[in-house]
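Colleague: Residues per chain, in single letters:
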Amino acid sequence: MAKKRELKYTEAIKEATDLCLKEYPTSFIIGPGVPDPKGTFGTTLKLVDKYGQDRVLDMPLSENGITGICIGAALTGMRPILVHQRIDFTLLALDEIVNNAAKWHYMFGGISSIPMVVRTIIGRGWGQGSQHSQNLQALYTHIPGLKVIMPSTPYDAKGLFISSVVDNNPIIFIDHRWLYNITGYVPEGTYQVPIGKAKIIRKGSDITIASTSYMTLESIKASKIIEKEGVDPELIDIRTLKPLDSDTIIKSVRKTGRFMVLDSGWKSGGFASEVITKVVENTFTNLKTSPQRICLPDIPTPTTRGLTRYYYPNTKDIVQTVLKMLEWKSNDIKSVISKSMKREKNIPWDIPDLTFTGPF
Amino acid sequence: MDKKTQLSLFQKMYLIRSMEEKIVELYPEQEMRCPVHLCIGQEAVAAGVCENLTKEDYVFSNHRSHAHYLAKGGDPKGLLAELYGKVTGCSRGRGGSMHLIDLSVNFIGATPILGGTIPMAVGAALSSKMQGKGNISVVFFGDAAVEEGIFHESLNYASLRKLPVLFICENNLYSVQTPLSKRQPNRKISSVAIGHSIKSYREDGNNVVKVYDLAKKSINKIRKAHEPIFLEFLTYRWREHCGPYYDYNLGYRSKEEIEKWEKQCPLKKYKRNLLSKNIVTSKEIEQISHNISIEIEEAVDFAKKSSFPPRNELEKFVYSE
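Protein chains in written order, with the numbering used here: chain U, 841 to 1200; chain Y, 4 to 324.
Derived from the structure by calculation, the hints contain no laboratory data. Glycine included, every Cβ here is placed at the ideal spot set by N, Cα and C. Please note that the accuracy of each hint is not assured.
Stated by the list, open to error - With a cut-off of at most 27 Å between alpha-carbon atoms, the simulated BS3-like pairs for lysine-lysine come out as follows:
id, chain 1, residue 1, chain 2, residue 2
1, Y, Lys6, Y, Lys280
2, Y, Lys132, U, Lys886
3, U, Lys1095, U, Lys1068
4, Y, Lys280, U, Lys890
5, Y, Lys136, U, Lys862
6, Y, Lys319, U, Lys1118
7, Y, Lys319, Y, Lys308
8, Y, Lys185, Y, Lys165
9, Y, Lys319, U, Lys1037
10, Y, Lys132, U, Lys890
11, Y, Lys165, U, Lys890
12, U, Lys886, Y, Lys280
13, U, Lys862, Y, Lys308
Stated by the list, open to error - A short, non-exhaustive set of chain U residues, derived as facing chain Y with CB atoms under 8 Å:
id, residue
14, Ser867
15, Pro872
16, Gly873
17, Ser902
18, Asn904
19, Ile911
20, Thr916
21, Glu936
22, Gly949
23, Thr1125
24, Tyr1152
25, Pro1153
26, Asn1154
The task is simple: from the sequences and hints, build the whole structure.
Modeller: If you want it as structure tokens, here you go:
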């Protein structure tokens, strides 16, 4: 059998964009630096050579204005893809996204709609600090009318991106920067991954661990450690935060009786809180222990790696919390941690992997 | 200007005025349960501009949008039913006065967050350019929208890309109860557009012939030269910012000021002009007034008799299929 084709996450996004521009003549992509020599961390590289400046557009630094311009284009027959290199900058466009894009279809009685993708990037590390590495997904999940998508694999990134461009609603499509170098199987050609469907990535019976985006990688790492200790977790990659596929999560928790959620955003009022609420509302009598969430502490992001070391939750935190939920004795937990974490010790916490060199 | 156009301008202004007066009459019944921003006194701008547009041209508007909706040819029944929150309203009762739409005449939408639809008009123009359509986009906004950042972002882009957009600023001197002098330096609003390299003109907004002529010249230029143009029209809102009443009792503007502007009534001035120059007869005016009053009564009847949206409408249209 031929080896399955592997692509990096960035290549998967670029291929999806390429295919959409090819197959949907009314689509166009616009964003600061989209056609430039760096091409949005490689995800839009050279698309301008193929589709020209009229469909692969740079833009003035007018986030709110350009969002409104994309809405106007969407209302009159186009399918804009608007790219922001960091989610922090989308805050400048909240007015158009929240007041207009999200509400338009509803407040005008379903008469017109806004097929628009706002693709943006979240991240962590390399000292990007308080204004360049926020994880603001929860803000957008609060707003009726938006769909919020956060893939964790190259396969889903491509399939969900194509589904987003085809969808007739405003979509907030969020990449985590730490996924950009990961590779995985990506079929050639067009395919769609359904929006609003979570994915069970490992079947298990002891605990349900649901996660978003990059935290899914952490959940897989933690799972490999606890599996060796005889724990059998069920892992769910949430993929679409809004509309949330709570059915898949609830069904799983009814089976396992334990629930943990991992999100890269802040704890209070965060996305993890919403998932836990849904679980508690629906599976209270099935729960053997209180659900747990692993998120960022309610603190702005510091720049120095001297502090981020204590800021970001990691595999160790996940393993510890799972074992506590399973009522392991603290000494036994300690020994698992010391045994399993030896290998991890030298991996820095402020870069995605050891091959990475700055600047971001 | 031919007689047909002159009659059409009068007809448009008369329809807008009559609709607004009808809302003034019925609003105290407390059945139109939504904010209404009436445009009595400002009819000439909408009529004079829209008279020059084709059905294919896009129009966007703001919270004070009844005039723009009607002047573009929006259905009066859909407007009134919308104000009454009925399912037969132009937005199925979900929008109210501040969210009007009539896609059959390319009135793409009106929203009340200041400046919000300005970039949309620019985007619609970009879309027309991309799709090779020959239509233009028009957006109406007030003097205070000029204070929003998004106004400048939109003008910058329209100018950069040479997009077929007509920006119409209706300067009525007040934002809610705050006068222009407390919000902007002493300069002409029209001068701001020049800073974005956009051709810009200022005109009396209560003289429908002047509005029509300037809009015609500008629209022809936009269609030919593919570039945006900015027009500032000086006008005045007679009634309170939001609601059917006069508001000189509040003290932020005087009764004398309102009366001074009422003497500049665009409708009366134009009617006098048409009659004195024997362009129309009083009989023709009476016929137009009569037809419009019937149309409005029918719209009121339609709106009042229509149903509210049924329970199962609540969850509908959060997402488009």
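Colleague: With reference to the structure, classify each hint as holding or not holding.
Modeller: Hint check:
Taking the CA atoms of Lys6 (chain Y) and Lys280 (chain Y), the gap is near 12 Å; set against the 27 Å cutoff, the hint holds. The hinted pair formed by Lys132 (chain Y) and Lys886 (chain U) meets the criterion: a straight-line CA distance of about 23 Å does not exceed 27 Å. Proximity of Lys1095 (chain U) to Lys1068 (chain U) is assessed by CA-CA distance (about 21 Å); at most 27 Å being required, the pair is judged to hold. Pair hint Lys280 (chain Y) plus Lys890 (chain U) does not hold up; C-alpha atoms about 62 Å apart against a cutoff of 27 Å.
About 21 Å separates the Cα atoms of Lys136 (chain Y) and Lys862 (chain U), which keeps this hinted pair within 27 Å; it holds. At most 27 Å may separate the alpha-carbon atoms for a hinted pair to count; Lys319 (chain Y) and Lys1118 (chain U) meet this at roughly 22 Å. Simply put, Lys319 (chain Y) and Lys308 (chain Y) have alpha-carbon atoms about 23 Å apart, close enough for the 27 Å limit, and the pair holds. Proposed proximity of Lys185 (chain Y) and Lys165 (chain Y) is contradicted: the alpha carbons are some 33 Å apart, above 27 Å.
Restraint check for Lys319 (chain Y) and Lys1037 (chain U): the C-alpha separation of about 21 Å stays at or below 27 Å, so the hint holds. Of the supplied pair hints, the one linking Lys132 (chain Y) and Lys890 (chain U) holds, its CA atoms being roughly 20 Å apart against a limit of 27 Å. Between Lys165 (chain Y) and Lys890 (chain U) the alpha-carbon distance is near 24 Å, which keeps this suggested pair within the 27 Å criterion. A C-alpha spacing of about 65 Å is found between Lys886 (chain U) and Lys280 (chain Y), which places the hinted pair above 27 Å, so the restraint is violated.
Of the pairs offered as hints, the one joining Lys862 (chain U) and Lys308 (chain Y) is violated, with about 50 Å between alpha carbons and a cut-off of 27 Å exceeded. The criterion of a C-beta within 8 Å of any C-beta in chain Y is not met by Ser867 (chain U), whose closest approach is roughly 10 Å, and the hint is violated. Annotation: Pro872 (chain U) was flagged as interfacial toward chain Y, and the flag is violated, the nearest CB pair being 13 Å apart, outside 8 Å. Restraint check, Gly873 (chain U) versus chain Y: the minimum CB separation of about 16 Å is more than 8 Å; hint violated.
Below 8 Å, beta-carbon pairs count as interface contacts, and Ser902 (chain U) has one with chain Y at about 3 Å; its hint therefore holds. Below 8 Å, beta-carbon pairs count as interface contacts, and Asn904 (chain U) has one with chain Y at about 5 Å; its hint therefore holds. A least Cβ separation of about 5 Å between Ile911 (chain U) and chain Y falls short of the 8 Å threshold, and the interface hint therefore holds. Checking Thr916 (chain U) against chain Y by beta carbon gives a least distance of about 4 Å; that is within 8 Å, so the hint holds.
Residue-level restraint check for Glu936 (chain U) holds (minimum Cβ-Cβ distance to chain Y is 7 Å; threshold 8 Å). Evaluation of the Gly949 (chain U) hint against chain Y yields a held restraint, the C-beta minimum of about 3 Å falling below 8 Å. Taken as an interface hint, Thr1125 (chain U) does not check out: its beta carbon lies about 28 Å from the nearest beta carbon of chain Y, beyond 8 Å. Against a cut-off of 8 Å between C-beta atoms, the interface hint on Tyr1152 (chain U) is violated, since the closest Cβ of chain Y lies about 34 Å away.
Below 8 Å, beta-carbon pairs count as interface contacts, and Pro1153 (chain U) has none with chain Y, the closest being about 33 Å; its hint is therefore violated. Among the interface hints, the one on Asn1154 (chain U) is violated; its C-beta lies about 36 Å from the nearest C-beta in chain Y, farther than the 8 Å criterion.
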